[in-house]
Every structure is written in structure tokens, then in C-alpha cells.
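Q: Sequence:
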Amino acid sequence: MTNSNMTNDNVNSWVVLFNVPNTLCWFRIVLLFVSIRYFGQRNYLLFVIYHTVSGFLDSLDGIFARHLNQKSLLGAYFEFILDTYAHFVMYACIGLLYPSYIVYFYIEIALELWNIMFNSHVNALPKSNLAWLHKTTFLSTTCSVSIYHSPNLRLFNWYGPDIFHTVLVLR
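For the sequence shown, the working numbering begins at -10 and goes up steadily by one.
Simulated from the structure, these hints should not be mistaken for lab results.
Heads up, some of the hints might be wrong.
What the hints assert, rightly or not - DEER-style ranges, computed between Cβ atoms:
| no. | residue 1 | residue 2 | range |
| --- | --- | --- | --- |
| 1 | E101 | S48 | 29 to 35 angstroms |
| 2 | N1 | Y93 | 15 to 21 angstroms |
| 3 | N58 | R160 | 42 to 48 angstroms |
| 4 | Y66 | D151 | 17 to 23 angstroms |
| 5 | Y95 | R160 | 28 to 34 angstroms |
| 6 | I70 | N1 | 19 to 25 angstroms |
From a predicted model like this one, the values you see are computed outputs, not experimental measurements.
Beta carbons are placed, not taken as given, at the ideal position from N, Cα and C, and that holds for glycine.
Based on the provided sequences and hints, a complete structural model is requested.
A: Have a look at this one:
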């Protein structure tokens, strides 16, 4: 999708599926499965390394999508699903390491699912015909969304939990 006047009729789906950012997402899938394999072998250092490299690729795919003008709806969903999958892999693995704290990790999974649903609704609101919901001052500026996307807290909010979970695995 290098040309801004392209239509859906002249976009090759294979080109979008395997453009640079989406190819990085495919590598992320492979790395996440490899990391699970190492977790199963109780090689926690390699688990963390592969999982962390997958996380760095997550940052790079967005950068490449913007700089190469290869942003796509498919890529946005692909990255979103992979981010969620990577978090669930980490929660499940840590839950296996700390069975007495499994309820905590169930709560983290529940919060992650709540966040997904909440953000989906907030993003759908501008397209809604409901007069009281489509204003940007209602749900889109609530505490959860505004704190999570705050520029001053972005690194802490995005990478803080990942660092915490990595420390738990490597204990």
C-alpha cells in the first residue's frame, strides 16, 4: 500500500499480508512458539530472550508501517491479536511457575480482556449514531484510557508489566 490513491480493487492481498510490518508479525508468531517450547523445557532464560525479541519486533513493525507507508487494517488487527497472545503466553507461563498466585494471573487475563473490549467500544463510539455516546468527552477520556495513553507514562504503562513479568520468570 505505497500509493495513497489505491482502492480495494487494486491492492494485492498477498502484498499486504507479507509487507515488511506484517512479515515482522509472522516472525513474532514463530518466536512466541519457540519461547513456549523453551518454557516447556524449563529453559527460562531462552524463553525470556525469545519473548523479549518478539516484543522488540512489536515496536519495530509499527515504525516500519509508518515510515514505509504500509499501514493496513489487517496489520493493525494482526499486531493487536499478537500483542494479546504474547501477554496471554506470559500470564499462563508465570501462572505455571507460581501456582499459588494463579488467581492473580487470572485477574490479569480478565483485565486484559476487559481492556480489549473497552478499547474496542471506545474506538467504535465515533461511528455510533447514539447521541450520548459519540462525544469524545464520555468514555474516550475516562481514567483507564487517558492514563494508559498518557505520553508521560507511556513507557511505564507499556513496558513496566513486561519487565515485572520477565523478572518473575527469571527470579
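Q: Okay, Y95 versus R160 on CB: inside 28 to 34 angstroms?
A: For Y95 and R160 the Cβ distance comes to about 20 angstroms; the hint is violated.
Q: Hint says 42 to 48 angstroms; check whether the CB-CB distance for N58 and R160 agrees.
A: holds (43 angstroms)
Q: CB of N1 to CB of Y93, is that within 15 to 21 angstroms?
A: With a Cβ separation near 46 angstroms, N1 and Y93 fall outside 15 to 21 angstroms, so the hint is violated.
Q: If I claimed the Cβ atoms of Y66 and D151 lie 17 to 23 angstroms apart, would that claim hold in this structure?
A: The hinted range 17 to 23 angstroms holds for Y66 and D151, with Cβ atoms some 21 angstroms apart.
Q: Could you tell me whether the CB distance from I70 to N1 stays inside 19 to 25 angstroms?
A: Roughly 22 angstroms apart at Cβ, these two residues keep to the hinted range, so it holds.
Q: For the pair E101 and S48, does the Cβ-Cβ distance stay inside 29 to 35 angstroms?
A: violated (19 angstroms)
Checked against the numbered hints listed earlier, the structure breaks hints 1, 2 and 5; every other hint is satisfied.
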